[in-house]
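Student: As given, the protein sequences belong to chains A and B, one line each in that order.
Number 66 in the working numbering belongs to position 66 of the first sequence; there are no gaps in the numbering.
Number 1049 in the working numbering belongs to position 49 of the second sequence; there are no gaps in the numbering.
No wet-lab data here; the hints were simulated from the structure.
Computed from a predicted model, the values in this text were never measured in an experiment.
Hints may contain errors.
To be verified - Here are some of the chain B residues that sit facing chain A, going by a computed Cβ distance under 7 Å:
#1 Tyr1025
#2 Ala1078
#3 Asn1093
#4 Gly1095
#5 Lys1098
#6 Phe1101
#7 Phe1108
Yeah, the Cβ is synthetic: ideal placement off N, Cα and C, and Gly gets one too.
Chain residues, written in single-letter form:
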Amino acid sequence: NAGVTQTPKFQVLKTGQSMTLQCAQDMNHNSMYWYRQDPGMGLRLIYYSASEGTTDKGEVPNGYNVSRLNKREFSLRLESAAPSQTSVYFCANSRLAGTDTQYFGPGTRLTVL
Amino acid sequence: GESVGLHLPTLSVQEGDNSIINCAYSNSASDYFIWYKQESGKGPQFIIDIRSNMDKRQGQRVTVLLNKTVKHLSLQIAATQPGDSAVYFCAENTGGFKTIFGAGTRLFVKA
Chain A
1 NAGVTQTPKF QVLKTGQSMT LQCAQDMNHN SMYWYRQDPG MGLRLIYYSA
51 SEGTTDKGEV PNGYNVSRLN KREFSLRLES AAPSQTSVYF CANSRLAGTD
101 TQYFGPGTRL TVL
Chain B
1001 GESVGLHLPT LSVQEGDNSI INCAYSNSAS DYFIWYKQES GKGPQFIIDI
1051 RSNMDKRQGQ RVTVLLNKTV KHLSLQIAAT QPGDSAVYFC AENTGGFKTI
1101 FGAGTRLFVK A
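Same shape as in the complex, but just chain A:
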């Protein structure tokens, strides 16, 4: 996962608490993504950012917001955490859109009680 950092690695929240997951890449890539991974399921796209200054909803955006702070950083915010948001969250990036290799960070494991 060289080139992509995520913080924190682990987090436990109570229902209703808020938090921001941070992601940074030093690969100088344009597109960035946030996914969640649940047991026995494929990665699901929460939000993506095609380029600096733009963000769009993915498959499961409800309960989340994002900010593309600059070309390097893309953060994911949970305003009021719910137990259904317990998951492993991965940030990814790609040089170009869609048909291009995505590089993933090491993940944040979030538990909401």
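Knowing the structure of chain A, use the given hints to seat chain B on it.
Tutor: This is chain B only, laid out in the frame that chain A set:
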């Protein structure tokens, strides 16, 4: 380690044997396919990709085969090693930003 991959299909192979992991994809319009490897506690790692104008692509110890007629993708790993133990999943893309990921297959390599 991570609880990712509960109830996944499992493939168990002897060290040194070849492994074949299969994937059925869903969208006949998909034109870009990727295989990822995910070790416990880590993020997915790119292995190899293939575009729809090809039916075979080889990398180092890995080969991907694409059969568009039956929407099937396979990953072949030659001379499987203990370090190959991981969850492997395929992904498909139709050209936009939304890539569809499979749940994966867990590969166990017996020494």
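Student: If a hint holds in the structure, say so; if it does not, say that too.
Tutor: Hints and how they fare:
no.: 1; hint: Tyr1025; result: 11 Å, violated
no.: 2; hint: Ala1078; result: 22 Å, violated
no.: 3; hint: Asn1093; result: 5 Å, holds
no.: 4; hint: Gly1095; result: 5 Å, holds
no.: 5; hint: Lys1098; result: 6 Å, holds
no.: 6; hint: Phe1101; result: 4 Å, holds
no.: 7; hint: Phe1108; result: 17 Å, violated
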